[in-house]
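Once you have looked at the hints, place chain B on chain A.
The chain contents come next:
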Amino acid sequence: MGAIYRREVGAFFSSSIAYIFLAVFYIFSGFFFTLNNIAVGSTNLSGVFSTLFFISIFLIPILTMRLFSEEKKQRTEQGLLTAPVSLNGIVLGKYFAALTIFVIAVSIIFIYGFILSLYGTVAWLTLFANYLAIILVGSAFIAVGLFISSLTENQLVAAIGGIVCLAMLFLIDVVASFVKIDWLQSLLYDLSFYTRYYEFTCGIFNLSSVLFYLSTAVLFNFFTVRVFEKRRWS
Amino acid sequence: MIEVKNLTKHYGDKKAVNDISFTVNDGEILGFLGPNGAGKSTTMNMLTGYISSTSGQALINGVDILEDPIKAKSFIGYLPEIPPLYVDMTVYAYLNFMFDLKKCKLPRRSHLKDVMTLCKIIDVENRLIKNLSKGYKQRVGLAQALINNPPVLILDEPTVGLDPKQIIEIRTLIKRLGKNHTVILSSHILSEIQAVCDRVIIINHGVISADDTATNLSNKVSTDHRIIARIDGQKAEVLQAIRAIKGIKYVRADMEREKNIYDFEIEAEPGIDIRRDINKIAREHNWDILLLKTMEMTLEDIFLKITMGETVQMKGEEK
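Protein chains in written order, with my numbering: chain A, 12 to 245; chain B, 29 to 347.
These aren't lab readings, by the way, just hints derived from the structure by calculation. Just so it is clear, the structure is predicted and the values come from calculations on it, not from any experiment. Treat the hints with caution; some may be incorrect.
Claimed, not checked - Once the Cα atoms are required to be at most 25 Å apart in a straight line, the calculated BS3-like pairs of lysine-lysine come out as:
{"id": "1", "chain 1": "B", "residue 1": "K42", "chain 2": "A", "residue 2": "K83"}
{"id": "2", "chain 1": "B", "residue 1": "K33", "chain 2": "A", "residue 2": "K241"}
{"id": "3", "chain 1": "A", "residue 1": "K191", "chain 2": "A", "residue 2": "K83"}
What the hints assert, rightly or not - Reference listing, derived: stretches of chain A covered by chain B, where coverage requires no fewer than 3 residues with Cβ under 8 Å from a Cβ of chain B:
{"id": "4", "stretch": "17 to 24"}
{"id": "5", "stretch": "79 to 88"}
{"id": "6", "stretch": "94 to 104"}
For each residue, glycine too, the CB sits at the ideal point set by N, CA and C.
Looking at chain A on its own, in the form it has when it is part of the complex:
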């Protein structure tokens, strides 16, 4: 797992995907930071954090698109799958590599906090909880993106498929608001990625939400492993 993790992190930078990802991430988050905080003189970062959620929907699939699809296309997966490593090791190595880049991107928030602290009081504890929340959302989204990348050998299909899936996870809320059946509506709200995240941006730390994101990440990584198991056995 360590070898794959190190190679993938290196490949993110040598293929310049990491630079593009970080640049776009910083442009958008910086734009909303300026709009929400600098322009109106507020130290409340929750607005920035809720936009980070939307940025992630579009950018995380860019991060995960080539992780497996490229391996399949270049036939390099044959090298991985015949090496003495477990499938879990292969999947998790790639997963944590993408997560690392994402954490680097999100950590920009501390610079924003620092800038704001020069002019006023920043609620650091809320900021930390928010930081944790966006990383949890990211870890769930990356698992989904990685899973989709394992299904195709075309990077573009993986990216678009990933964006569509993540957008659908977000749209659960919209669907839920139209559903008139009570139990179904509450179920959909429970499955909502955004409602749970929104709680965090309001300063509510909910342990069940933490578990929700973590179990999504575990579930989709498990699915990815199954994709390879299935291909081997078919």
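Chain B alone, transformed into the frame defined by chain A:
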């Protein structure tokens, strides 16, 4: 040591490999020979754990590849048909990655250097793999298989895309490796197998149609009755005289080797040795025999004979 027992692979209804069994001993170089699509790569992919078998068993040094894949895979160095190269990496970075991936415990720098020297890629170690020629890429693929010094090497068409000089180099290298490794090598080039391998398995339509040493395979088909004779004499007369010998099947003189001197291809009924008869007629007519040799069956002939015999037999069975 590799033991394969009743290995079978179905792709849907298609039987890619059908119930094959063989054993490769330590220090043996086994050649896997067959036309394209015969099941060579499928068998190798099953041996290396890339795909599973539908039924049957493959043991690498006594470890079942499906029961303890990680341990079994650690014994194998595998060069697939298309080398699994990350083209955005330099040769050294890639081999270094494979070193980590295989959890190699040997001293890093010196081991990588040894492998690169052995495969003659040390002069390109800092170049990106995508900028290398096909021959170099193939050698990087071979180097990758050699990392961690695995006791078993499985090489799927290792010389494809190389120029003749490189082919000879790779063959020499494989022969050298065969002294202390167990090697399985696949190819559809027969001379290659003949040059490198101790033993040959001919695989066709997913079944083994022959399993023997290269020499034994040649000996199986007696060739005494097919000879080439270069006789200095009037072509028509010689032909007539040879045709008169008892048991001659056909004689042909298409090749004019020297001025007015022809090579006569002669085939007699199987089991009849006609060399003495030819000498006799030459003496009688006062011709000079400049050359007399048996037409040796090459592996090519054997291969064609075996694979074609098979289809003929199969057709017969259908009827």
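These are the hints, each one checked on the structure:
Between the alpha carbons of K42 (chain B) and K83 (chain A) the distance comes to roughly 23 Å, so the proposed pair stays at or under 25 Å and holds. A hinted pair counts as satisfied when its Cα atoms are at most 25 Å apart, and K33 (chain B) with K241 (chain A) qualifies at roughly 23 Å. With a C-alpha separation of about 44 Å, the suggested pairing of K191 (chain A) with K83 (chain A) is violated against the 25 Å cut-off. With 4 residues having a Cβ less than 8 Å from any Cβ of chain B, the stretch 17 to 24 of chain A passes the three-residue criterion, so the hint holds.
Coverage of a stretch by a chain is defined here by at least three residues with a beta carbon nearer than 8 Å to that chain's beta carbons; for the stretch 79 to 88 of chain A and chain B the count is 4, and the condition holds. Counting residues of the stretch 94 to 104 of chain A whose beta-carbon sits less than 8 Å from any beta-carbon of chain B gives 4, enough to reach three: the coverage restraint holds.
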